[in-house]
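Student: Given only the sequences and the hints, what does the whole structure look like? Please build it.
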Amino acid sequence: GEDVEQSLFLSVREGDSSVINCTYTDSSSTYLYWYKQEPGAGLQLLTYIFSNMDMKQDQRLTVLLNKKDKHLSLRIADTQTGDSAIYFCAGTGTASKLTFGTGTRLQVTL
Amino acid sequence: DAGITQSPRYKITETGRQVTLMCHQTWSHSYMFWYRQDLGHGLRLIYYSAAADITDKGEVPDGYVVSRSKTENFPLTLESATRSQTSVYFCASRSGEQYFGPGTRLTVT
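Protein sequences, first through last, are from chains A and B. One point on numbering: in the numbering used here, the residue at position 47 of the first sequence is 47, and numbering is uninterrupted. One point on numbering: in the numbering used here, the residue at position 103 of the second sequence is 103, and numbering is uninterrupted.
You may find that some hints are simply not true.
Unchecked claim - With the Cβ distance kept under 7 Å, some of the chain B side facing chain A (calculated, not the full set): (1) Gly42; (2) Tyr64; (3) Ser67; (4) Val88; (5) Glu97; (6) Gly101; (7) Pro102; (8) Gly103.
If you're looking for bench data, these hints aren't it; they were derived computationally from the structure. The C-beta atom is built at its ideal place from N, Cα and C for all residues, glycine as well.
Tutor: The structure is reproduced here in structure tokens:
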């Protein structure tokens, strides 16, 4: 099955760019997703990318997909304190199931 | 209100008790999922359902039972709760995109 890996922690200064990385194993994933989880809340879909795309931009968010290396990244421009959260990448596996990474905790400092 | 809801939001129970966590969605999504979230493990899939009366095991199904008699509801039952089942449980539903409920924090003492 799909295996998804992320680094556990990232600290950035307010105003800087954040880059959260993810690697996955199942090259047949049709969609790859980024979710955000704020403390005490559920997961909120941030953005997604179709597997035949290399890049997708949505306001401050840029998703890059390197299919050859099975690497997905989420770049947040002009990171704000409100961006502090846990970020999960996820890929579609079989039977429409998503496989999630362990999550990257983003800490934004002043 | 449209969306996906879970109840209760918080639950404390004793080892050996039966507990049922409720999940309700208003979109008529075919797929519904139950995950548990634990430190160091991210989200792990417990059970999922492709439609009413169709359920299947996920990654960590032992100790859990699900049913789906109606499309909008997907309850998760812990038949005899154990301390290792202390966790935060998330329900989700999906048509194209997947949406999550707010979670149930369960503590088994």
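Student: Hint by hint, work out which the structure violates, then give me just those numbers in ascending order.
Tutor: 2, 3, 4
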